[in-house]
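Residue numbers for the sequence shown follow the working numbering, beginning at 417 and rising by one.
A hint or two may mislead.
[Stated by the list, open to error] Quick list of the computed label-pair ranges, beta carbon to beta carbon:
{"id": "1", "residue 1": "A498", "residue 2": "D674", "range": "45 to 53 Å"}
{"id": "2", "residue 1": "G692", "residue 2": "A498", "range": "51 to 59 Å"}
{"id": "3", "residue 1": "P488", "residue 2": "H518", "range": "45 to 53 Å"}
{"id": "4", "residue 1": "Q618", "residue 2": "I669", "range": "31 to 39 Å"}
{"id": "5", "residue 1": "E658", "residue 2": "L517", "range": "31 to 39 Å"}
{"id": "6", "residue 1": "Y636", "residue 2": "G503", "range": "15 to 23 Å"}
{"id": "7", "residue 1": "T659", "residue 2": "M496", "range": "55 to 63 Å"}
{"id": "8", "residue 1": "A691", "residue 2": "W497", "range": "47 to 55 Å"}
{"id": "9", "residue 1": "L499", "residue 2": "P634", "range": "50 to 58 Å"}
{"id": "10", "residue 1": "D568", "residue 2": "A489", "range": "21 to 29 Å"}
{"id": "11", "residue 1": "L494", "residue 2": "Q618", "range": "26 to 34 Å"}
{"id": "12", "residue 1": "A668", "residue 2": "T604", "range": "21 to 29 Å"}
These are computed hints drawn from the structure, not numbers from a lab. Note that the Cβ used here is the ideal one computed from N, Cα and C, for glycine as well.
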Amino acid sequence: MLRWRGFGHRISARVRTSRGIKKHWAAQQLHSIHERRSVMTEPSAPTVAAPAEPTTTRGADKRGADKRRVDPARLRRLLMWALAMGGIIGLGLILWHRVPLHTRMIWQTYRTTLFSGAPVLAIGDSITFQAAPSHLCGAKVVNAGIPGDQIDDLLARAPMFSRLATPRQVVVAIGVNDARTGHMDIATWTAKYRTLLGYFPQSGLVLVEINPVDLSHPGYLPVHDRDFIASQNAAIRALARETGARVVTAPAISPTMDGLHPDKTGVALWQERLAGVACAG
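Produce the entire structure from the sequences given, and follow the hints as far as they go.
Following this line, the structure appears as structure tokens:
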């Protein structure tokens, strides 16, 4: 009986010891949980964001640097192109100025006739070149007068003029250079004038008689046949009747600067007589 009682005490002691160990372990676990919770709920230190890089400014600076940086190959190509164009233009100018002035003036009249679209064409010699107005009856005029021209020169260019444009009105003022010493006969001259008019069948024709030369002018060189000029003017009037053209008759006296070419007053009178006939009716 005593032995059993002692055994019971030992079991009770062990049970108490086991319970104490369990309580101690539970307390440790609870303490550990509390510590973890306190760490988790503890406020974290504020995070300071790193300053953002000014990407826009840096990107703009980079693009500006790229623009300022010139590609050497591209620069060489541009320089070569500029040199080539400069050489072509320079060569063109040199060649252009080597062409006789008379020829350059002819080319310019062709170009103007083609691109201006002017409804009036004035063909003739230096007097036409000097006196033809820029406008006639309110319409723009192509001044195709070439100094030194004769009837043969106009005949040579008439086919080109007729192909380039069909003007509403053609003013023909030619003949004084054909009246120089050694001139052709009047029948030949008249036939050539008639052929010239035939190149403009759809245009209204205005024929200008030849002004008289001033033999008394100190600067005049007596190289024109006045009687031949009178015959030319008679032929012009006859051709006007034949073709239905209008005629600007020559004055008895024309103010000149050298006995042949009209001065400022003479130009004004020439234009006034032309407008009076061309714009009538």
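Evaluation of the provided hints:
1. A498 with D674: 45 to 53 Å: holds (48 Å)
2. G692 with A498: 51 to 59 Å: With a Cβ separation near 55 Å, G692 and A498 satisfy 51 to 59 Å, so the hint holds.
3. P488 with H518: 45 to 53 Å: Given range 45 to 53 Å: holds, Cβ gap about 50 Å.
4. Q618 with I669: 31 to 39 Å: Once the Cβ atoms are compared, 36 Å apart, the range 31 to 39 Å for I669 and Q618 holds.
5. E658 with L517: 31 to 39 Å: With Cβ atoms ~36 Å apart, the hint holds.
6. Y636 with G503: 15 to 23 Å: violated (48 Å)
7. T659 with M496: 55 to 63 Å: Check passed, 59 Å falls within 55 to 63 Å.
8. A691 with W497: 47 to 55 Å: With Cβ atoms ~51 Å apart, the hint holds.
9. L499 with P634: 50 to 58 Å: 55 Å Cβ-Cβ, so the 50 to 58 Å window holds.
10. D568 with A489: 21 to 29 Å: violated (59 Å)
11. L494 with Q618: 26 to 34 Å: violated (51 Å)
12. A668 with T604: 21 to 29 Å: holds (28 Å)
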